[in-house]
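In case you want the letters, here they are:
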Amino acid sequence: MLEVRDLRVEYLSQKGPVRAVDGVSFSIAPGEVLGLAGESGSGKSTIAHALLRVLRPPAIITGGEVYFKGKDVLALAEHELEDFRWQDISMVFQSAMNSLNPVMRIGDQIADVLVRHKKLSKRAAWQRAGELLDVVNIDKKRLDAYPHELSGGMRQRAVIAIALALEPPLMIMDEPTTALDVVVQKEIMQQIEELKEKMRFSILFITHDMSLMVEFSNRIAIMYAGEIVELAGAREVFENPLHPYTKGLINSFPPLTGPKRKMTGIPGAPPNMAEPPKGCRFHPRCTMCQPVEGERRPKLQEVLPGHWLAYHEGIPGVNVKGQAVKNLNPPGLVF
Amino acid sequence: MRYILRRLGFYLIAFWAAITLDFFLPRLLPGDPAATIVGSGGQLDPQQLQAVKEALGLSDQPLILQYFTFLTHAIRGDFGISYSNFPAPVFSVILTGLWWTLLLGGCSVIFSFLIGNLIGIFGSWRRGGAVDSFVPPLLVLVGAFPPFFLGLCALYLLGFQLRWFPTRHAYEDTLTPGFDLAFFGSVIQHMLLPSLVLVLAHLGGWALGMRNTMVGILAEDYITMAEAKGLTQNRIMYRYAARNAMLPSITAFGITLGFVLSGQLLIEQIFSYPGLGFLLISAVQKLDYPLMQGLFLMITLAVLVANFIVDIIYTRLDPRVRAG
Numbered sequence: 010m011l012e013v014r015d016l017r018v019e020y021l022s023q024k025g026p027v028r029a030v031d032g033v034s035f036s037i038a039p040g041e042v043l044g045l046a047g048e049s050g051s052g053k054s055t056i057a058h059a060l061l062r063v064l065r066p067p068a069i070i071t072g073g074e075v076y077f078k079g080k081d082v083l084a085l086a087e088h089e090l091e092d093f094r095w096q097d098i099s100m101v102f103q104s105a106m107n108s109l110n111p112v113m114r115i116g117d118q119i120a121d122v123l124v125r126h127k128k129l130s131k132r133a134a135w136q137r138a139g140e141l142l143d144v145v146n147i148d149k150k151r152l153d154a155y156p157h158e159l160s161g162g163m164r165q166r167a168v169i170a171i172a173l174a175l176e177p178p179l180m181i182m183d184e185p186t187t188a189l190d191v192v193v194q195k196e197i198m199q200q201i202e203e204l205k206e207k208m209r210f211s212i213l214f215i216t217h218d219m220s221l222m223v224e225f226s227n228r229i230a231i232m233y234a235g236e237i238v239e240l241a242g243a244r245e246v247f248e249n250p251l252h253p254y255t256k257g258l259i260n261s262f263p264p265l266t267g268p269k270r271k272m273t274g275i276p277g278a279p280p281n282m283a284e285p286p287k288g289c290r291f292h293p294r295c296t297m298c299q300p301v302e303g304e305r306r307p308k309l310q311e312v313l314p315g316h317w318l319a320y321h322e323g324i325p326g327v328n329v330k331g332q333a334v335k336n337l338n339p340p341g342l343v344f
Numbered sequence: 481m482r483y484i485l486r487r488l489g490f491y492l493i494a495f496w497a498a499i500t501l502d503f504f505l506p507r508l509l510p511g512d513p514a515a516t517i518v519g520s521g522g523q524l525d526p527q528q529l530q531a532v533k534e535a536l537g538l539s540d541q542p543l544i545l546q547y548f549t550f551l552t553h554a555i556r557g558d559f560g561i562s563y564s565n566f567p568a569p570v571f572s573v574i575l576t577g578l579w580w581t582l583l584l585g586g587c588s589v590i591f592s593f594l595i596g597n598l599i600g601i602f603g604s605w606r607r608g609g610a611v612d613s614f615v616p617p618l619l620v621l622v623g624a625f626p627p628f629f630l631g632l633c634a635l636y637l638l639g640f641q642l643r644w645f646p647t648r649h650a651y652e653d654t655l656t657p658g659f660d661l662a663f664f665g666s667v668i669q670h671m672l673l674p675s676l677v678l679v680l681a682h683l684g685g686w687a688l689g690m691r692n693t694m695v696g697i698l699a700e701d702y703i704t705m706a707e708a709k710g711l712t713q714n715r716i717m718y719r720y721a722a723r724n725a726m727l728p729s730i731t732a733f734g735i736t737l738g739f740v741l742s743g744q745l746l747i748e749q750i751f752s753y754p755g756l757g758f759l760l761i762s763a764v765q766k767l768d769y770p771l772m773q774g775l776f777l778m779i780t781l782a783v784l785v786a787n788f789i790v791d792i793i794y795t796r797l798d799p800r801v802r803a804g
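If you read the protein sequences in the order shown, they are chains H and R. Add 9 to the 1-based position in the first sequence for my numbering, that's all there is to it. Add 480 to the 1-based position in the second sequence for my numbering, that's all there is to it.
The following block holds chain H by itself, in its conformation from the complex:
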C-alpha cells in the first residue's frame, strides 16, 4: 500500500547540507504495523514528516520515491496534497500535548477536518466529532472543552480521535505515548490496538521504546544515522538480531520476561550528521567492526526470508536460507 524507495531528506545548514534521511526504503501492507525504531536524531520523525510532506524549511526532500496506493506522493501539486493529507495518511504527533490549538474547542478541531475533506455541514461535523470522542472513550460533552481543560491522556486520545476522523488507510504514530506515564501509556496503546482491529488501518509506529514496539508491531525497521540497518519481523528482530546496533539497542532495555541480565547499552554517541562517518556509519561505535577494503557503505540485503540487514559481506553461504545462518552469525558477517 505504501511504498518508499530510496528516500532522502536534507537539512540545509550554513555548513552545508545535513543528510537526515539517506536512502531509506520500506513498504507497509494493508493492516500492517511497521515499527520504526532508533535513537533520537536518527531520522524517524523526519521520515514521518516527509511522507505527509509537512517538512519545514530548511528540510527538503532531495530524492527517492513515495507511492501511496499507486499515487506518486512527491509529485502531488499543492492542492492535491491538501486532499491527500489526512484523507490517505493521518498522523498522531510526537507531542500530542502541543499538537492541539490552545484557543480552539476540541469539537472544532475535529470538525474542521470533516468540513474540509468530507464537505460536511458544521452541524453534521460536530455530530460526527461527538461520535469520534465516543470511540476514544471521551465524554461527548468534552467537545466544548479547550485543550488546557483536558488531562494529558485525554488530549492524546482527542488527537487520536482527530486522526481517526476520516478513517484513513494509514496512520503515522510518532511516539504517541512518550509524554505520558506508563499506566496511561498502556491504556492508550490498548485502545489503538482495539481500534486497529475494528477499523483495519495500517500504522507506521515510531518510537525508541523497544519493548512497546515489539508488542505492537508486525515488522520492525531499525534506523541508525538516517539509514535502515535492519528490517525484519518483530519477533525475529528480538530473537535473532543480527546487526550490532540492533543488538545494542535491545540490550539497553530490560527484558519483559525471563532472567535478569546486565544491560549494556551502546558506547559512544550518535554521529554528527553534518559529517557522518565514512563507510559504515556505525563503525566508530561498533564492537564487531572488521576492516573492509576501501570505505564502502554497507548494503541492505535479505539474509533470511523477510529479514533484511545492512552489511558489507558475509562468508559464502550466508544468503542461503535456513538455520545455518544463525549459527554462522556473528563471525560470518562483516559489518
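Take the hints with a grain of salt, since some may be wrong.
Below, computed lysine to any residue pairings styled on SDA-like, alpha-carbon distance capped at 25 Å [to be verified]: (1) Lys131(H) x Asn714(R); (2) Lys78(H) x Thr712(R); (3) Lys150(H) x Lys533(R); (4) Lys128(H) x Tyr718(R); (5) Lys150(H) x Arg482(R); (6) Lys150(H) x Asn714(R).
Just some of the chain H residues that point at chain R, by a computed CB distance under 10 Å [stated by the list, open to error]: (7) His157; (8) Met219; (9) Ser220.
Hints were generated in silico from the structure; no laboratory data involved. Quick reminder that beta carbons are idealized off the backbone N, C-alpha and C, glycines included.
Please arrange chain R on chain H, whose structure you already have, making use of the hints.
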C-alpha cells in the same frame, strides 16, 4: 465572570488612586491662579480677589476638606469652572476636545494596529520574502523618528510646500458643523495628515511585534498538525497561527488605546487640532488647574477603561484566562 468582577474592582481602586493624585499634583505647582486670571499688571483689592476666588470655586479650607469636596464632585463629573474659558464648566470644555481626540487617535491606532499586524502576518508567512525583508525594517526606521518630527516634516512638505493637505484645525473654518457631506469630507481631509503621521509612527512596532510572535507560533506543533490535516493555507494562517499570535498584540492594543488621549499631545499642537492634547497644553500654559485636573483624570480614565475592555475581549479570545 468572577475574573471580570475582580478586574473591575482593581480598576476602581486604580481610579480612586488617580483621583487622589490628580487632586494633589496641581497643588504642588507654583503660582496663584486667581492672580493669573486677573493678569499680572492689574491692581486688585482683597475683596475683589476674594470674589474672583469664589467665582472660581477656590477656597482656603484645609486641604483634606478640599480633597473630599473634590472627590465627591469628581465622581459626579464636576470639575468646576475652567479658568481660561471662564465661565464654561471644565466638563463641557473637555467634551469639545474629547470627540476630536477620540476620532483622530482612535482611527490612527486602529489603522496602524490592523495594517501593522497584517504586514506582520504576511511577512512571517512568507518568511524571508520581499514583504518580510524590506517592509518591517523600513517601518522601524520611520518609527524611530519622534512623531512630532515626522509631523513637522509632513506639515512642511505635504502641507505648506505641496499643499496636498490642509495645515490646521479639524475642519474648514468656513463650515458649520452639521450632518452634511461637505462637513464630513472636510473633517476627513483635515484628519488625513495627522493620522498618517500617527499611523506611520507606530506601524513598525506592530508589524515587528506580530511578525516575531508569528515566527514563534509557526514553529508550534499544532501548526504542523493543521498542515498535516490538509487544511487550506488561509485557515491555517488565520485560525491557527494568527489567532494565537494576536494575543500579545491585543494586550498592547489596549495599552495604546488608553494612551490615545495623551499620546498625541504634540501632534495636535503641530496641526492645531482642537483635541485634548491641544487643550492640555493651553491649560498648563494658563495655569488652568480645574481643566488640567479634568484632563488628567480623563486620560487616566481612558487608560483604565481601554484596559478593562481589553480584559473582557481577552477572556473571549484566550480560553486559558477564563479559568484563572
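Query raised in the report: Quick check: which numbered hints come out false for this structure?
Result: Structure breaks hints 3, 6, 8, 9.
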